[in-house]
Structures are given as C-alpha cells and as structure tokens.
Amino acid sequence: AVTGNVTATGTVEPAGDTAAGDNAAIGYTAGEGLILTGQGSTNDITVKNDADAAVISVPTGTTNVTIAGDLTVSGTAKGFGWIFLERVTASGTPSTIEFNDIDNTYDRYMFAIEDMIPATDNQNFNIRISTDNGSTFISSSTYSLLRQRLGVTANLDETDQATMYSSYQAFGGQASEGCAGTVYLYSPANSARNPLIQGHVFGLTASDGLSSTEFIGMHQTAAAMDAIQFYFTSGNIVDGGHITMYGLSKS
Numbered sequence: 002a003v004t005g006n007v008t009a010t011g012t013v014e015p016a017g018d019t020a021a022g023d024n025a026a027i028g029y030t031a032g033e034g035l036i037l038t039g040q041g042s043t044n045d046i047t048v049k050n051d052a053d054a055a056v057i058s059v060p061t062g063t064t065n066v067t068i069a070g071d072l073t074v075s076g077t078a079k080g081f082g083w084i085f086l087e088r089v090t091a092s093g094t095p096s097t098i099e100f101n102d103i104d105n106t107y108d109r110y111m112f113a114i115e116d117m118i119p120a121t122d123n124q125n126f127n128i129r130i131s132t133d134n135g136s137t138f139i140s141s142s143t144y145s146l147l148r149q150r151l152g153v154t155a156n157l158d159e160t161d162q163a164t165m166y167s168s169y170q171a172f173g174g175q176a177s178e179g180c181a182g183t184v185y186l187y188s189p190a191n192s193a194r195n196p197l198i199q200g201h202v203f204g205l206t207a208s209d210g211l212s213s214t215e216f217i218g219m220h221q222t223a224a225a226m227d228a229i230q231f232y233f234t235s236g237n238i239v240d241g242g243h244i245t246m247y248g249l250s251k252s
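Under our numbering, the first residue of the sequence shown is numbered 2, with each subsequent residue one higher.
Derived by calculation from the structure, the hints in this document are not laboratory data.
Idealized CB from N, CA, C, for every residue including glycine.
Incorrect hints may have been included.
[Unchecked claim] Label pairs and their computed distance ranges (CB to CB): (1) A113 with S75: 17 to 25 angstroms; (2) T12 with D240: 48 to 56 angstroms; (3) D133 with T61: 24 to 32 angstroms; (4) D133 with V66: 41 to 49 angstroms; (5) N24 with T64: 16 to 24 angstroms; (6) A113 with A52: 30 to 38 angstroms; (7) G32 with T137: 52 to 60 angstroms; (8) F85 with L35: 29 to 37 angstroms; (9) T183 with T30: 44 to 52 angstroms; (10) R194 with D240: 30 to 38 angstroms; (11) K49 with A113: 29 to 37 angstroms.
Using the sequences plus the hints, can you model the full thing?
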C-alpha cells in the first residue's frame with residue numbers, strides 16, 4: 002500500500018479494470034479506454050478546477066452528469082428539439098440584424114424576436130432573404146405575402162412585394178413599444194423550392210395600440226437561400242433588442 006501522494010516523472014498507465022466497490026480508482030480496458038470509478042455520499046465522480054470548484058460531477062449511483070458552468074459546443078450539437086445557434090443583439094443602433102451561413106444542417110430554422118424598437122418612431126418591421134450568403138439581400142418586387150391582422154376579418158394577399166414580410170401596422174419607438182415575435186424558415190437549402198417563411202409578430206404602435214399579425218411570405222422563384230435580414234422601413238434599431246436563431250434537429 003502507498004500512503005501520501007504518488008509522484009511520477011512519466012505517465013501512469015493502469016493495466017486493469019476498476020470494480021463497482023472502488024472508492025476512487027483509475028482503470029483501463031481495451032474497449033472502454035480510461036475508466037474513472039468512485040463512490041461518494043453526494044457524487045461518485047467530481048472534476049474540479051484549480052480553484053477547487055466543481056466543474057463536472059456524476060451524482061452517486063446515477064448515470065446523470067451535472068455541469069456547473071456553461072457548455073460550449075464547437076461542433077454540431079446532436080439531439081431532438083430546437084438547437085440554439087446564435088443570438089444577435091442590437092448594438093450601436095444598427096440598421097439591420099442579419100444571420101448568414103444558413104444551410105441544410107437543419108430543415109427548419111426559428112428566429113425568436115425580442116424588444117425590437119425602431120429608433121425612428123412609427124416604422125414597419127420587415128424581412129428579406131439572400132441567396133449569396135448576405136452579400137446582397139433581395140429587394141426587388143419578387144415576394145408574395147399573406148397577412149392576417151388579429152381582430153380584423155379581412156386579410157392582405159399581396160404579390161410582387163419588395164419584402165418577404167412587412168408588419169400590418171407600424172410600431173412605436175418608445176421604450177414601452179416596438180415589437181416581438183417568432184418567425185420560422187422552411188427548407189432554406191432546397192433549391193427546388195420557393196423560400197418560405199411563416200410567423201407571428203406583435204407589439205405596440207406609436208399610439209400604444211395593440212398590433213398582432215400572422216403571416217406567410219414566399220419568394221416567387223425557387224432558390225436555395227442562405228441568409229435572412231430583419232429591419233425597420235426607415236432608421237435604425239434601438240440597442241438592446243435581440244433575435245435568437247435556432248435549428249430543429251433532424252435526429
């Protein structure tokens with residue numbers, strides 16, 4: 002038996018497996034590689050940093066993993082449901098918020114819009130797309146748009162529009178006004194389909210009136226799109242508002 006610390010000038014390479022009753026053991030097998038086995042009253046395994054703070058732990062007798070801080074994934078996160086991809090926050094009163102590099106990794110993308118306030122009062126909120134990864138955004142009259150304002154029987158079914166979506170009403174520029182909503186983008190990388198978005202945008206007008214619009218927007222020509230742009234008709238976006246992009250996992 003060894004008491005105290007063990008110091009080696011090279012590596013320590015265990016030659017055998019651990020066992021279920023081991024309090025704190027390091028093992029190795031050809032199939033499993035490095036094996037850590039422990040047994041504590043709270044956790045079986047705890048990984049700590051140089052400040053003696055727990056980073057990763059396995060609660061006693063479970064197959065669960067507890068991560069104390071943030072988890073950063075450099076590759077593609079796999080799993081069911083919506084995968085967080087990117088958040089863009091308005092800073093320096095930008096004129097647009099844009100997302101590039103949209104591809105066939107996901108068949109459906111979602112954009113969660115929060116606190117979008119126009120720097121210039123009384124502005125419509127708009128969406129355009131790009132087929133050259135954001136070098137240019139299509140602004141010609143090549144979109145079709147169907148809008149339904151909540152509380153109004155009639156709808157607007159429009160063709161040859163210069164935006165893929167434009168809010169039914171203009172939004173106010175006060176801190177308590179502006180808009181929010183959710184936009185879905187369908188099969189953007191499929192060049193055989195017309196680019197299609199659908200969503201719901203709501204908020205307060207310049208006179209503090211409620212405005213809520215369901216919509217579907219389409220580009221009239223089939224194309225693979227790879228970028229999307231959000232903006233107000235005139236002026237910039239007040240700092241602090243943000244849009245978050247998610248992708249719906251395929252597996």
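Now the hints, each set against the structure:
Checked against the hint of 17 to 25 angstroms, the pair A113 and S75 passes, with Cβ atoms roughly 23 angstroms apart. About 52 angstroms separates the C-beta atoms of T12 and D240, a value consistent with the hinted range of 48 to 56 angstroms. At about 55 angstroms, the CB distance of D133 to T61 disagrees with the hint of 24 to 32 angstroms. For the hinted restraint 41 to 49 angstroms between D133 and V66, the CB-CB distance of approximately 42 angstroms keeps it satisfied.
Evaluation of the 16 to 24 angstroms hint for N24 and T64 yields a pass: the beta carbon distance comes to about 19 angstroms. Between A113 and A52 the Cβ separation comes to about 35 angstroms, which falls inside the hinted range of 30 to 38 angstroms. Distance hint check for G32 and T137: the Cβ-Cβ separation is about 54 angstroms, which falls inside the suggested range of 52 to 60 angstroms. For the pair F85 and L35, the supplied restraint of 29 to 37 angstroms holds, since their beta-carbon distance comes to about 31 angstroms.
A C-beta distance of roughly 49 angstroms is found between T183 and T30, which places it inside the suggested range of 44 to 52 angstroms. In this structure, R194 and D240 meet the distance hint of 30 to 38 angstroms, their C-beta atoms being roughly 36 angstroms apart. The beta-carbon spacing between K49 and A113, approximately 35 angstroms, falls within the hinted interval of 29 to 37 angstroms.
Of the hints listed earlier, the one the structure fails to meet is number 3.
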